[in-house]
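S.K.: The hints should help you fit chain B onto chain A, whose structure is shown.
Read off the chains here:
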Amino acid sequence: MLRLPGANPRTPGHLISAADLTRDDAVLILDTAEEMARVADRPIKKLPTLRGRTVVNLFFEDSTRTRTSFEVAAKRLSADVINFSAKGSSVSKGESLKDTALTLEAMGADAVVIRHGASGAPYRLATSGWIDGAVVNAGDGTHEHPTQALLDAFTLRRRIVGADEGLGKDLAGVRVTIVGDVLHSRVARSNVLLLHTLGAEVTLVAPPTLVPVGVGSWPCRVSYDLDEALPGTDAVMMLRVQRERMNAAFFPTEREYSRRYGLDADRMDRMPDGALVMHPGPMNRGMEITAEVADSPRATIVEQVANGVSIRMAVLYLLLGGNEPAVAHARATDPRATEATVTEESK
Amino acid sequence: MSTNKILIRGARVLGGDAQDVLIDGETISRVAPGLDAGGATVVEAAGQILLPGLVDLHTHLREPGREDSETVLTGTRAAAKGGFTAVHAMANTFPVADTAGVVEQVWRLGQASGYCDVQPVGAVTVGLEGKQLAELGAMHDSAAQVRVFSDDGKCVDDAVIMRRALEYVKAFDGVVAQHAQEPRLTEGAQMNEGVVSSELGLGGWPAVAEESIIARDVLLAAHVGSRVHICHLSTAGSVEIVRWAKSKGWNVTAEVTPHHLLLTDELVRSYDPVYKVNPPLRTDADVMALREALADGTIDCVATDHAPHPHEDKDCEWAAAAMGMVGLETALSVVQETMVDTGLTDWAGVADRMSHRPAAIGRLAGHGRPIAAGEPANLVLLDPAYRGAVDPADFASRSRNSPYAGRELPGRVTHTFLRGKATVTDGKLA
Numbered sequence: 000m001l002r003l004p005g006a007n008p009r010t011p012g013h014l015i016s017a018a019d020l021t022r023d024d025a026v027l028i029l030d031t032a033e034e035m036a037r038v039a040d041r042p043i044k045k046l047p048t049l050r051g052r053t054v055v056n057l058f059f060e061d062s063t064r065t066r067t068s069f070e071v072a073a074k075r076l077s078a079d080v081i082n083f084s085a086k087g088s089s090v091s092k093g094e095s096l097k098d099t100a101l102t103l104e105a106m107g108a109d110a111v112v113i114r115h116g117a118s119g120a121p122y123r124l125a126t127s128g129w130i131d132g133a134v135v136n137a138g139d140g141t142h143e144h145p146t147q148a149l150l151d152a153f154t155l156r157r158r159i160v161g162a163d164e165g166l167g168k169d170l171a172g173v174r175v176t177i178v179g180d181v182l183h184s185r186v187a188r189s190n191v192l193l194l195h196t197l198g199a200e201v202t203l204v205a206p207p208t209l210v211p212v213g214v215g216s217w218p219c220r221v222s223y224d225l226d227e228a229l230p231g232t233d234a235v236m237m238l239r240v241q242r243e244r245m246n247a248a249f250f251p252t253e254r255e256y257s258r259r260y261g262l263d264a265d266r267m268d269r270m271p272d273g274a275l276v277m278h279p280g281p282m283n284r285g286m287e288i289t290a291e292v293a294d295s296p297r298a299t300i301v302e303q304v305a306n307g308v309s310i311r312m313a314v315l316y317l318l319l320g321g322n323e324p325a326v327a328h329a330r331a332t333d334p335r336a337t338e339a340t341v342t343e344e345s346k
Numbered sequence: 000m001s002t003n004k005i006l007i008r009g010a011r012v013l014g015g016d017a018q019d020v021l022i023d024g025e026t027i028s029r030v031a032p033g034l035d036a037g038g039a040t041v042v043e044a045a046g047q048i049l050l051p052g053l054v055d056l057h058t059h060l061r062e063p064g065r066e067d068s069e070t071v072l073t074g075t076r077a078a079a080k081g082g083f084t085a086v087h088a089m090a091n092t093f094p095v096a097d098t099a100g101v102v103e104q105v106w107r108l109g110q111a112s113g114y115c116d117v118q119p120v121g122a123v124t125v126g127l128e129g130k131q132l133a134e135l136g137a138m139h140d141s142a143a144q145v146r147v148f149s150d151d152g153k154c155v156d157d158a159v160i161m162r163r164a165l166e167y168v169k170a171f172d173g174v175v176a177q178h179a180q181e182p183r184l185t186e187g188a189q190m191n192e193g194v195v196s197s198e199l200g201l202g203g204w205p206a207v208a209e210e211s212i213i214a215r216d217v218l219l220a221a222h223v224g225s226r227v228h229i230c231h232l233s234t235a236g237s238v239e240i241v242r243w244a245k246s247k248g249w250n251v252t253a254e255v256t257p258h259h260l261l262l263t264d265e266l267v268r269s270y271d272p273v274y275k276v277n278p279p280l281r282t283d284a285d286v287m288a289l290r291e292a293l294a295d296g297t298i299d300c301v302a303t304d305h306a307p308h309p310h311e312d313k314d315c316e317w318a319a320a321a322m323g324m325v326g327l328e329t330a331l332s333v334v335q336e337t338m339v340d341t342g343l344t345d346w347a348g349v350a351d352r353m354s355h356r357p358a359a360i361g362r363l364a365g366h367g368r369p370i371a372a373g374e375p376a377n378l379v380l381l382d383p384a385y386r387g388a389v390d391p392a393d394f395a396s397r398s399r400n401s402p403y404a405g406r407e408l409p410g411r412v413t414h415t416f417l418r419g420k421a422t423v424t425d426g427k428l429a
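Protein sequences appear in the order of chains A and B.
Residue numbers for the first sequence follow numbering that gives the first Met the number 0, so the first one is 0 and each next one is one higher.
Residue numbers for the second sequence follow numbering that gives the first Met the number 0, so the first one is 0 and each next one is one higher.
Just chain B, same shape as in the assembly:
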């Protein structure tokens, strides 16, 4: 299906009226009803939704260092199956992506993969230690052109280091993506602190540990006139702080993961570590506040926090297990379930929160663009009427740690196009 011309026939563009979309080479050449196929390969898309290719601001591809759980190749294949055309690869690899050398390596592996663009994220501090700024400028000036910096997995908890990082990245329009977790308040933390943790006897991860850092960082960003991005916001209180910061006109953006839009800490009662994640699953009230905030734009985007782990790191007792869940291949389905099928947003809203806005935050050229003539042909086609149980055995990801195993979810990606080339055809990797 990698011919030069492809005609997507009868797709509902952004969920609107049926249109034909003609792809010529790497770009969209026409969008109109009733186009003539000419010599183009035809994709019949009646009833399907056409969106711009999804952009993930928060993906753990694990390479270099933990190729037993994921590689750039397997991770980008998973991304393509999930409808993504660009992912931001987080910096907590081994070695850490805190130098131009490592980010260029990840960037080159992404180029070689061909399934999805890989934009490396650079570490804020050397070794994610929170002590000394990494060479942010060198990473930006490298072939990888890093603009998003994050110590994700760890919080930049030192207020001075955070302030300096926010100031420093202004020189090249960078953004610091903060993993908001006050370390002292979360020593030994295993799950959300509340009713369930009190009964299960698992160490509590209080909401205030997230909210206090977010409050500090939006104030810092305002003070130095920089932009800050909040990773995986998970509590109703965090939503209130971000809403307040935005009302002031400060340059604050935020993301929410699919799992925080759907799952709650009640699931931890099974002690099954597949539900162990950082930040932890919260309460139903938090889930509802997050959905509402994503719908009204307080939360800018959905980011997967795709975190692959090998089987043995989850097939154990809770305290010994690794934190994190895979999410690339289920993200769109979870968003349909929680945001579209509930009536909170429409498909144009999904395009905005999963493509336009994350691309804008990452300053990614060529992604998150309108579906119009002359634009890059980064597209995803999905069948919203599909319903089926999630089977991790079908994943392209090397890891299987999905909290949705066996759960019925709506929607299925049928085709993904990266600059006109089909990376997924009829639900299968091309």
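Chain A extracted, bound-state conformation:
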């Protein structure tokens, strides 16, 4: 799993795009994350699985949320974590991505978690031969953010199917509406791909200026009308909309955007009972979502953050191929946990 086409089976897998995941890959990650989530409920939230392995957080863009989430995930698996941020490092002195990668390689990084402003930078890192370690895409430009999509899928499965009942299951038939700046959103791209793989029905809602040319080939429906989409949705995912987009004429004013595409209490009431409100954060309260909605019981926003740690633990565990089952006692009779290990080792 998580292998690029044609990759040498001896090289580690990577997680670059949600498109790299089959339905079974994705379900395995969600199931593994479910086990990881149980660790968070223990007094001692730590597993010895990745002891002696080194995970580098290579962040070319500021993102305290995502970096911290990966850091907590790696530390809970007992990995050594190095945070390498572009600011104040050799990168700010003009060092190339290649030279940074060669440096990390020389220091013995087993996995590199990369956030970069350029679409495709993680793919280049994984395929250029600069490093041997596993590469995890933590968000690249306007391309993808696959762990965000995984944690969103995990949140959906927990809430809609159930934590225990969901094990081994996908999201068949779940209706998800993604609203906002699809054009510039790596979260939307990864979610469309992953949710489709998991059997969900995805609708994108945005003003036509914020939908990419070429969206017709995506496995989803596109609507320009939020009110039309809401009654038939099990979850709505609100994307962050930068106010500066107004200056490039993507929409006339902040208020007009908010009126037509913002989620307020009236609109939330038109959603079916039990339908969820999601947001990848950070939110612009008052822009794409009102405070009333963000703080309502339907909102899963804080839960998504917690689930992010479980998902990232699962991804790091599966990629770095822990030598023993992730959680020794958990579901010892279930072959899936050991299967994951065997699969990684035998590949």
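By construction, these hints were calculated from the structure, which means they are not laboratory data.
Using N, Cα and C, we set each Cβ at its ideal position, and we do this for glycine too.
Nothing false has been slipped in among the hints.
A few chain A residues facing chain B, derived, Cβ under 8 Å:
1. S95
2. H115
3. A117
4. S118
5. G119
6. A120
7. R123
8. G140
9. T141
10. E143
11. P211
12. V212
13. G213
M.R.: Leaving out everything else, chain B in the frame of chain A:
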């Protein structure tokens, strides 16, 4: 092989019947079957194709300023290996070729090289800034005798400046070669806007940004009665506009690059910047329209847009990479692959599109001439039966940024003659 007399024996002239061609000094003295060698050096050319030396309207030689990627000497050596006997050196050097001094410098470096004639292109505007006309007349009157003017790399987007440039160059039979790219529509553009860009999350370069400028400029050229040349046309829509303009009898010419005849934006899925180029690789439908337009003459010629870049400018993430590909040493092979081997045109057609017409557009005397007695001996001999994988390590160019590395292509230049002097012999620089 630089003796005075050379007999090319048994070559298929323009792909036709086998002939012997005798070169005496700088000119062709006889073309007939069964010529006696006399004291001439004989080049056995059975099965090979003899064409007039190729002419490139669009070459970046990088000197002065970026000698780390190419010099006039290395670039002309690459040109000779590719079968070219004349190249037009684009103006976007450092300093920009926007004065008589710079174009004369490039012209003199070309004279000194001896591998290929170098005809400098002058900038349309000072510093390629699009604000103020460069001294076009001075560049024309210089030793370089500039007739082609271009801000290539940048579009002359101001309609008034473009109109004035078109009008002004009429005084000396000049032509403005436009890099058609509406700047506002291409801010942050990284690749063709379409299905692939939507998936890759790379900024889109829409076809309309090219087509809208071409539409404006053919209308301007018609209005002021001047001639305009469209650089590296890349979309099916651009073909339609040029076809319409020509149907009106307007003085519009256009070029297409070899890479736009073969490659599509699907290759960008690798995020390998070797495929990053301006204008960007388009779709399969565009490629087919371009081939058809080159075959029917709507597109006048093939021009390489040879754009050398140092390794570090391509060995990086996509957004940070430079745009452009080297092309001099693979152009003829790509044209054989896409136009000849597909049956869209014959070798006489290749001679027309890669030699006669570009020489005519650039008003280059002595190039693009028939293969006949009394004509200058600017010739290229190629083996069409050859097939082999492209290895950039073999290039004479100083740069290696070829999108064809490892790709098998047909045809190989065996000999190139510049005014009777062999610049390439048996595939190697003389």
